[in-house]
Amino acid sequence: MRLQQQVIAVHRNWDNWRGKIKYRRILILDGEVRPSAISPLYKVRISFEIGKNPFVKVLSPNLKLYPGKTSLPHVFSDPGSPLCLFWHEFDNTKDLIAETIIKWITWWLFFYEIWAETGEWTGGGTHPDRW
Amino acid sequence: MQKLVSQDRKAFIDDMLKRITESLQLNATRRKLVEERYGAVSKFIEQSEGLFHDARIYAQGSYRLGTTVRPRQGDEFDLDFVVQIDRDWRNVPFNIVYNNFRRLMESNGNWGNLVEPKSRCIQLNYADEFHMDIIPTCTENQFGDKNRIMVPDRAEHNWVISNPEGYALWFEKKYIQQKDIYLHNFYPGMEIRAAQELPKDDPNHLKQPLQHAVQLVKRYRDIYFENRENLAPSSIVLTTLVAQLYNGENSIYDTINKFAQRFNESVAFERQYSRQFHVTNPVLPQEIFTKKWETDPKLFRAFIEFVNSLSQLWRELNEAMGNDLFELLKKSFGTGTFEDAYKKHGEFVAEMRKKEKTGIHRETGMAAGFGAAGVHRDKQNTFDGGRWLK
Numbered sequence: 001m002r003l004q005q006q007v008i009a010v011h012r013n014w015d016n017w018r019g020k021i022k023y024r025r026i027l028i029l030d031g032e033v034r035p036s037a038i039s040p041l042y043k044v045r046i047s048f049e050i051g052k053n054p055f056v057k058v059l060s061p062n063l064k065l066y067p068g069k070t071s072l073p074h075v076f077s078d079p080g081s082p083l084c085l086f087w088h089e090f091d092n093t094k095d096l097i098a099e100t101i102i103k104w105i106t107w108w109l110f111f112y113e114i115w116a117e118t119g120e121w122t123g124g125g126t127h128p129d130r131w
Numbered sequence: 001m002q003k004l005v006s007q008d009r010k011a012f013i014d015d016m017l018k019r020i021t022e023s024l025q026l027n028a029t030r031r032k033l034v035e036e037r038y039g040a041v042s043k044f045i046e047q048s049e050g051l052f053h054d055a056r057i058y059a060q061g062s063y064r065l066g067t068t069v070r071p072r073q074g075d076e077f078d079l080d081f082v083v084q085i086d087r088d089w090r091n092v093p094f095n096i097v098y099n100n101f102r103r104l105m106e107s108n109g110n111w112g113n114l115v116e117p118k119s120r121c122i123q124l125n126y127a128d129e130f131h132m133d134i135i136p137t138c139t140e141n142q143f144g145d146k147n148r149i150m151v152p153d154r155a156e157h158n159w160v161i162s163n164p165e166g167y168a169l170w171f172e173k174k175y176i177q178q179k180d181i182y183l184h185n186f187y188p189g190m191e192i193r194a195a196q197e198l199p200k201d202d203p204n205h206l207k208q209p210l211q212h213a214v215q216l217v218k219r220y221r222d223i224y225f226e227n228r229e230n231l232a233p234s235s236i237v238l239t240t241l242v243a244q245l246y247n248g249e250n251s252i253y254d255t256i257n258k259f260a261q262r263f264n265e266s267v268a269f270e271r272q273y274s275r276q277f278h279v280t281n282p283v284l285p286q287e288i289f290t291k292k293w294e295t296d297p298k299l300f301r302a303f304i305e306f307v308n309s310l311s312q313l314w315r316e317l318n319e320a321m322g323n324d325l326f327e328l329l330k331k332s333f334g335t336g337t338f339e340d341a342y343k344k345h346g347e348f349v350a351e352m353r354k355k356e357k358t359g360i361h362r363e364t365g366m367a368a369g370f371g372a373a374g375v376h377r378d379k380q381n382t383f384d385g386g387r388w389l390k
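Chains A and B, in that order, give the protein sequences.
For the first sequence, position 107 matches number 107 in the working numbering, and the numbering has no gaps at all.
For the second sequence, position 345 matches number 345 in the working numbering, and the numbering has no gaps at all.
Please note that a few of the clues may not be correct.
Stretches of chain A that chain B covers, calculated by requiring three or more beta carbons in the stretch to come under 8 Å of a beta carbon on chain B [unchecked claim]:
1) 1-7
2) 20-27
3) 33-44
4) 83-89
5) 98-112
6) 116-130
Straight-line distance between alpha carbons at most 25 Å, and here's what the computed PhoX-like set of lysine-lysine pairs gives [what the hints assert, rightly or not]:
7) A:LYS94 <-> B:LYS146
8) B:LYS10 <-> B:LYS298
9) B:LYS331 <-> A:LYS69
10) B:LYS331 <-> A:LYS64
11) B:LYS344 <-> B:LYS298
12) B:LYS174 <-> A:LYS57
13) B:LYS330 <-> B:LYS343
14) A:LYS64 <-> B:LYS146
15) B:LYS379 <-> A:LYS52
16) A:LYS43 <-> B:LYS331
Since the hints were derived computationally from the structure, they do not count as laboratory data.
Beta carbons: idealized from backbone N, C-alpha and C, even for Gly.
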């Protein structure tokens with residue numbers, strides 16, 4: 001899957017995401033997502049190189065922790081706490097981001113909002129007790 | 001095609017309000033326990049020899065109306081029942097009926113030691129969360145209305161008239177025509193259920209906006225008047241007023257919004273004629289629930305301020321987004337209650353997602369019900385985490 005195909009699929013399917021390719025090998029996708037009718041607008045960036053897993057970061061607004069928690073739910077340990085959206089459902093050599101990652105970002109934000117207010121992740125996933 | 005409850009602001013607010021009332025009332029386990037105990041007490045009374053053999057036994061008050069609210073800390077749910085016999089009350093002294101009933105209840109091996117005599121009722125004080133108040137009564141037998149009853153009142157040293165079943169039927173009539181409930185458009189299966197007759201002890205999800213509204217107004221009263229309970233209006237005043245001013249609104253939000261608005265209009269109307277606004281018993285009009293508003297004007301002022309505060313909250317709820325909205329709900333109904341409700345909202349949406357009824361809107365990225373124009377089909381995933389990306 002070439003990066004150009006990823007960009008085309010995103011532009012064809014989503015009005016709230018824009019993509020560009022940098023240095024011919026890095027895909028940057030910027031999106032504005034409102035996961036529910038009462039949510040704020042989140043600015044999110046996906047950085048992707050073929051053969052690696054996408055780095056997904058919420059740029060704004062600042063994400064908050066439920067009182068007493070020390071980490072966001074379902075994020076990687078890397079600096080910037082990139083979102084950890086899948087276990088094995090995404091193949092970084094052939095799957096379209098437009099059909100996977102972008103949909104899962106909405107759900108991550110949706111369930112994050114509930115987690116930030118209740119301390120419980122209701123969206124399913126691995127390590128249910130961890131978050 | 002069904003919209004997702006979180007993609008519609010009005011539905012989201014009503015869903016949260018409904019779930020807030022869920023965590024305020026008896027849960028399913030407690031409800032079952034109440035039914036069991038009520039069943040056992042009824043059976044015992046019906047099978048007894050003497051005055052109460054073949055009595056008519058039924059629930060009254062908030063349990064009958066489906067408007068119970070968990071009291072603030074320390075207090076117990078208070079569930080009321082009526083034991084009605086067809087004896088001519090004019091020929092029986094009130095204290096004979098009361099004392100006979102008390103002795104009967106005390107004679108039972110299972111709950112005899114829980115009996116606590118009150119002014120009008122026998123209270124069964126169970127060790128857990130609730131008590132049952134049971135009043136022994138006689139049919140009044142005037143006007144051919146079987147629901148009018150005479151209650152022995154030890155404080156008044158006499159019989160007093162009451163009509164709790166008539167009140168419940170009046171309350172039901174206010175909403176029973178209401179089939180088009182806004183939220184039902186967002187719950188799969190509800191379209192069919194709404195058309196069927198509702199069971200008496202209907203679980204919360206089948207309740208009507210009016211019932212939920214009464215529960216919320218009662219809860220708001222408990223929080224608003226905390227530490228100055230002497231100024232708080234009684235539940236019967238709130239229930240009657242909210243029902244009286246209800247005009248078939250199809251959402252919980254609209255019901256309370258219109259209640260506040262119409263209340264102010266009604267007070268202003270009475271004021272034009274220099275009359276005090278009162279709440280009377282709709283089935284016993286001579287009974288004025290708010291006599292004290294006349295003798296103690298600060299109670300009426302406190303009530304007006306209470307409704308104004310509710311009205312202000314409702315305006316803010318209509319505009320607030322995200323955190324601001326959550327803070328309003330926490331402040332007004334309690335943090336734990338809010339958290340419980342929001343978590344259940346999340347579980348409900350997760351369930352919709354698992355059943356593949358969801359999608360994502362292509363313009364906004366909003367989670368949506370699948371099937372409408374501009375909504376992409378969802379794709380299942382497993383959120384992971386806790387390791388390094390690279």
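25 Å Cα cutoff - pair LYS94 (chain A), LYS146 (chain B) = Roughly 76 Å separates the two Cα atoms, so the pair is violated.
Verdict on chain B covering the stretch 33-44 of chain A, where coverage means 3 or more residues with a C-beta closer than 8 Å = holds (count 8)
For the pair we were handed, LYS330 (chain B) and LYS343 (chain B), check the Cα-Cα distance against 25 Å.
-> 13 Å, holds
Hinted pair LYS379 (chain B) and LYS52 (chain A), Cα distance within 25 Å = 21 Å, holds
Assess, step by step, whether the Cα of LYS64 (chain A) is no farther than 25 Å from the Cα of LYS146 (chain B), and give holds or violated.
-> Since the Cα atoms of LYS64 (chain A) and LYS146 (chain B) sit roughly 61 Å apart, the hinted pair is violated (cutoff 25 Å).
Closer than 8 Å, Cβ to Cβ, for at least three residues: run that test on the stretch 83-89 of chain A against chain B and report holds or violated.
-> holds (count 6)
Distance restraint between LYS43 (chain A) and LYS331 (chain B), which requires alpha-carbon spacing of 25 Å or less = Answer violated: LYS43 (chain A) to LYS331 (chain B) is near 29 Å, above 25 Å.
Distance restraint between LYS344 (chain B) and LYS298 (chain B), which requires alpha-carbon spacing of 25 Å or less = Roughly 40 Å between the alpha carbons, so the hint for LYS344 (chain B) and LYS298 (chain B) is violated.
Proposed proximity, LYS69 (chain A) with LYS331 (chain B) (alpha carbon, max 25 Å) | Given that 25 Å is the threshold and the Cα spacing comes to 22 Å, the pair holds.
Proposed proximity, LYS64 (chain A) with LYS331 (chain B) (alpha carbon, max 25 Å) = 20 Å, holds
Mind checking the alpha carbons of LYS174 (chain B) and LYS57 (chain A) for me, to see if they're no more than 25 Å apart?
-> Since the Cα atoms of LYS174 (chain B) and LYS57 (chain A) sit roughly 52 Å apart, the hinted pair is violated (cutoff 25 Å).
Please count how many residues of the stretch 20-27 of chain A have a CB within 8 Å of a CB from chain B and say whether that reaches 3.
-> With 0 residues close enough to chain B, the hint is violated.
Hint compliance for this structure: hints 1, 2, 7, 8, 11, 12, 14 and 16 are not met, and every other hint is.
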